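Line by line, the protein sequences are chains E and Y.
Residue 120 is where the first sequence ends in the working numbering, and the numbering goes up by one at each step.
Residue 124 is where the second sequence ends in the working numbering, and the numbering goes up by one at each step.
These aren't lab readings, by the way, just hints derived from the structure by calculation.
Treat the numbers as computed from the prediction; the structure is a model and nothing was measured.
There may be inaccurate statements among the hints.
Said to hold, decoys possible - Here are the simulated DSSO-like pairs of lysine-lysine, each with C-alpha atoms no more than 30 Å apart in a straight line: (1) Lys7/E with Lys65/Y; (2) Lys22/Y with Lys63/E; (3) Lys116/Y with Lys63/E; (4) Lys22/Y with Lys65/Y.
Said to hold, decoys possible - Far from chain Y, by Cβ distances over 12 Å, these chain E residues were calculated: (5) Lys7; (6) Ile18; (7) Gln23; (8) Leu52; (9) Arg73; (10) Phe111.
Where a beta carbon is used, it is the ideal one built from N, C-alpha and C, also for glycine.
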Amino acid sequence: KAGVTQTPRYLIKTRGQQVTLSCSPISGHRSVSWYQQTPGQGLQFLFEYFSETQRNKGNFPGRFSGRQFSNSRSEMNVSTLELGDSALYLCASSLGGQDNQPQHFGDGTRLSIL
Amino acid sequence: QQQVKQSPQSLIVQKGGISIINCAYENTAFDYFPWYQQFPGKGPALLIAIRPDVSEKKEGRFTISFNKSAKQFSLHIMDSQPGDSATYFCAAASGRYSGGGADGLTFGKGTHLIIQP
């Protein structure tokens, strides 16, 4: 079974631009979560989607948004990019539904802001 | 507020030894505690997870010990091998997705483990 696939793997943008990252979950998984990983703050939860609805949201500004499609694939968008948005953005998928289910991560998209 | 505190930040263990990483949490609503292993250039990979109804869980060379009253849990890697050299993260989450929702996984800051041959 294929794992979580994130595209692109690397991205370079400049301040003020916007960016869209893509995540394809493991087949059969309906929940997709997004995390930001930086050396200073570590791994931080951005938001989670289940059945095309945002179910949970972390403590990030509104510039960070996402959506999920009917095939469970998800996209994350960051608008008005800032230097501090440089990070590894990780997507994780799980079966979803009731109770915590194991989350499986992709290898991330490395976003660099110049 | 750092809800999951992980120690040590870095750890060097001889091949064949036992690696021990500790985590402490504050939020008593947490009821799911996974450990992840991350290699450079890769995403975190789930190693083992425990729920608070058991005090210990073992999978191969990896064991989680859980102390609910102390709000602490730890990862033990037995017979540590050079291939275990990686960054390890503990995490915690509160379970129920029914309406109230969960806040995703709350991660510790990570432990950089080096196994010397």
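Are any of the numbered hints broken by this structure? If so, which, sorted upward?
2, 8, 10
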